[in-house]
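Protein chains in written order, with the numbering used here: chain A, 1 to 359; chain B, 1 to 359.
Keep in mind the hints are simulated off the structure, nothing from the lab.
Where hints are given, some of them may not hold.
Same chains, same label: a pair holds when it works inside one copy or across any pair of copies.
Here are the simulated DSSO-like pairs of lysine-lysine, each with C-alpha atoms no more than 27 Å apart in a straight line [stated by the list, open to error]:
#1 Lys115 <-> Lys129
#2 Lys84 <-> Lys54
#3 Lys329 <-> Lys354
#4 Lys140 <-> Lys155
#5 Lys98 <-> Lys129
#6 Lys155 <-> Lys98
#7 Lys207 <-> Lys245
#8 Lys351 <-> Lys329
#9 Lys84 <-> Lys129
#10 Lys116 <-> Lys155
#11 Lys354 <-> Lys98
#12 Lys84 <-> Lys268
#13 Lys84 <-> Lys285
Residues per chain are reported as follows:
There are 2 protein chains.
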Amino acid sequence: MNFARRRGRVEEYLVENGFDGMICTNPESIFYLTNAPFLTGSAGKALYISKEGKASLVVSSLDYEEAFDRSEGTEIVKMEMGEKLFERLRRVSGGADKVGFEDGFLTVRAYDALKKNFNLASVGRLIEKMREVKEPEELKNIEGAVGASDRAVTKTLSNLRNGMTEIEAASEIEYHMRREGGEALAFETIVASGPRAAYPHGMPSGKRASGGEAVVFDFGVKVSGYCSDTTRTFFFGQPRDEMVKVYDIVLEAQEAAISSARPGITGKELDGVARSVIEGHGYGKYFVHGTGHGVGIAVHEGPSVNASNNEPLVPGNVVTIEPGIYIPKVGGVRIEDVIVITEDGSRDLTKFRKDKMVI
Amino acid sequence: MNFARRRGRVEEYLVENGFDGMICTNPESIFYLTNAPFLTGSAGKALYISKEGKASLVVSSLDYEEAFDRSEGTEIVKMEMGEKLFERLRRVSGGADKVGFEDGFLTVRAYDALKKNFNLASVGRLIEKMREVKEPEELKNIEGAVGASDRAVTKTLSNLRNGMTEIEAASEIEYHMRREGGEALAFETIVASGPRAAYPHGMPSGKRASGGEAVVFDFGVKVSGYCSDTTRTFFFGQPRDEMVKVYDIVLEAQEAAISSARPGITGKELDGVARSVIEGHGYGKYFVHGTGHGVGIAVHEGPSVNASNNEPLVPGNVVTIEPGIYIPKVGGVRIEDVIVITEDGSRDLTKFRKDKMVI
Chain A
1 MNFARRRGRV EEYLVENGFD GMICTNPESI FYLTNAPFLT GSAGKALYIS KEGKASLVVS
61 SLDYEEAFDR SEGTEIVKME MGEKLFERLR RVSGGADKVG FEDGFLTVRA YDALKKNFNL
121 ASVGRLIEKM REVKEPEELK NIEGAVGASD RAVTKTLSNL RNGMTEIEAA SEIEYHMRRE
181 GGEALAFETI VASGPRAAYP HGMPSGKRAS GGEAVVFDFG VKVSGYCSDT TRTFFFGQPR
241 DEMVKVYDIV LEAQEAAISS ARPGITGKEL DGVARSVIEG HGYGKYFVHG TGHGVGIAVH
301 EGPSVNASNN EPLVPGNVVT IEPGIYIPKV GGVRIEDVIV ITEDGSRDLT KFRKDKMVI
Chain B
1 MNFARRRGRV EEYLVENGFD GMICTNPESI FYLTNAPFLT GSAGKALYIS KEGKASLVVS
61 SLDYEEAFDR SEGTEIVKME MGEKLFERLR RVSGGADKVG FEDGFLTVRA YDALKKNFNL
121 ASVGRLIEKM REVKEPEELK NIEGAVGASD RAVTKTLSNL RNGMTEIEAA SEIEYHMRRE
181 GGEALAFETI VASGPRAAYP HGMPSGKRAS GGEAVVFDFG VKVSGYCSDT TRTFFFGQPR
241 DEMVKVYDIV LEAQEAAISS ARPGITGKEL DGVARSVIEG HGYGKYFVHG TGHGVGIAVH
301 EGPSVNASNN EPLVPGNVVT IEPGIYIPKV GGVRIEDVIV ITEDGSRDLT KFRKDKMVI
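So here's chain A without its partners, still in its complex pose (with noise of 0.2 Å):
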């Protein structure tokens, strides 16, 4: 990855804004710019990228070496134990007065502190929009994840039993995308079945799956710090008519809505490809999320693919084109593939078959 020219877009817009820097705590954008890891939900860090090119990291004793190692580019910044993140910062930016931030990440919390040193102005959404487009090394790690997930979910496939718990068939998808050489988990594995499948985001619990219900499986790794994020739907025996026709309904939704993801087509205009598919077979009521949104360092990132985004797709951008049909009480189905943009239409990264398939 080019970290330098990344940093270098940074300071380009800091120039042309009247920053003296710009200071990143997000875990996801510093490695975005520095190739220095993360665990999900670590706090602790900062990074400081001066209008002149500078980028210094300022971690705590426990990551020092770690970021050391693997960081591109940049100086690392050891803190003693007890010294104040904030206040180191004001020492590494040598005195600079108006400092940029990321809005969207910052606490309020944190930015009390800083302001005490700094004169604050956030940069928006600079390095998320950064982020959207993909540069062709992150979209191969983006296929490498998928990959693993594809081959993931086909072996869990013959692991599956009618009766198992939704807990026991969770495990067997995670071991599996692990030993397909996932880092980690790019989220919590979703495993929903019968009537808990009308929940989208219902955790796996100890209810067993059988008598033809319909399973949510919704599954996604990491690979050199990419992430993949795949649904599937199984039927757990012989599925009852209404569930087979709402399948069909979210494949053909979730078909459409693939054949027009292009360059130029609106987030909202591509969800509502989806969304007119299954309003048409009267179950508009029952699609109660977005068609999908970006993946990459997060797994929730730009662009959306839904009512609010009325900017166009552009080549680069990598999203999830994810319906779903939820019945309350009775059950759901959701479909999901991540695709990415390309210059002429897009390209489909999952490729796991998309038939309906009986355990």
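Based on the hints, put chain B in the right spot on chain A.
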């Protein structure tokens, strides 16, 4: 769980401090106050608690069914698709003026959106502090999670093989944590071998563990929404002399700290107990982090067991005790249990053995 009693404490605070109500946007606080579930990293929900004691949870249509079925004593308000969360809060609050928020969780972007409608003031660490003292049922859930981890690592031991990769080893422990009833991993599993074990946060890689290397396993799972957090260091092959010595020192430090844990000791003092053992053996500069942290709904919460915490521990605090020694380019050892502070001392919730184990 007595969610109404917890909310009652919030209401008392609001009345005493002249607030009309407060807004929680942190999913973990929302779970604590309502039982409405969450996925780690999920967003888009907000809880409004009025000083009169009414609780209203605003959710997207995506989360409506699950929040409705699981929450207790809480009105669930469904946003329409495309509707803005913070606009809906205006209506839900019924014209409230002075409204509290959690400054440690709210982002500056969300603050800027909310301040158009409200006269915002931080409630500081109100809910964070409440969460630091566990109720008996919370303790039972944490013990359930720690017990699942204990059983899982016992079963994993027989699946570990000298020469397997860090990722393969991680797949085994995660699989068994699931099979023992875990709803989700509590955090990204760490498996770091040989020189990589000198990274306290080393995520599992394709590196093979062998030749007597010390291998740090740091793992945890969620049960009923509460986390476990355990670290053990195994030797893959007969260990070299120095790491054997380091193991003994870390274990001595860990056991000394556990023996000293009691109500009234500060986080800083308890950290000092472990640190002085390691310093006494000449390894002080290699103990590069604090001794522990609180565990509960979040795997990292208060109170801290480190040099920054001058407050005394109290009965019901649940903290990790996890000293470590990390020698750059050579290796590392960490041993971690979860303990609860009792009326007259502490109780170790982690039962898995701590003697040196050679794979």
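To see whether the hints hold, each was checked on the structure:
1. Lys115 <-> Lys129: Both ways: Lys115 and Lys129 sit 25 Å apart in one copy and 25 Å across, limit 27 Å.
2. Lys84 <-> Lys54: Answer is within; shortest intra-copy Cα gap is 22 Å, inter-copy 39 Å.
3. Lys329 <-> Lys354: Result: close within a single copy only, 25 Å intra versus 47 Å inter.
4. Lys140 <-> Lys155: within (22 Å within a copy, 36 Å between copies)
5. Lys98 <-> Lys129: So Lys98 and Lys129 pass the 27 Å test inside one copy only (22 Å; across, 34 Å).
6. Lys155 <-> Lys98: Classified as neither: same-chain Cα gap 54 Å, cross-chain 56 Å, threshold 27 Å.
7. Lys207 <-> Lys245: Within one copy only: 24 Å inside, 47 Å across.
8. Lys351 <-> Lys329: The answer is neither: 31 Å in one copy and 41 Å across copies each exceed 27 Å.
9. Lys84 <-> Lys129: between (30 Å within a copy, 21 Å between copies)
10. Lys116 <-> Lys155: Answer is neither: 55 Å inside a copy and 52 Å across each miss the 27 Å cutoff.
11. Lys354 <-> Lys98: For Lys354 and Lys98, the Cα distance exceeds 27 Å both inside one copy (52 Å) and across copies (52 Å).
12. Lys84 <-> Lys268: between (44 Å within a copy, 16 Å between copies)
13. Lys84 <-> Lys285: between (50 Å within a copy, 19 Å between copies)
Going down the numbered hints, you'll see the structure goes against 6, 8, 10 and 11, while the others check out.
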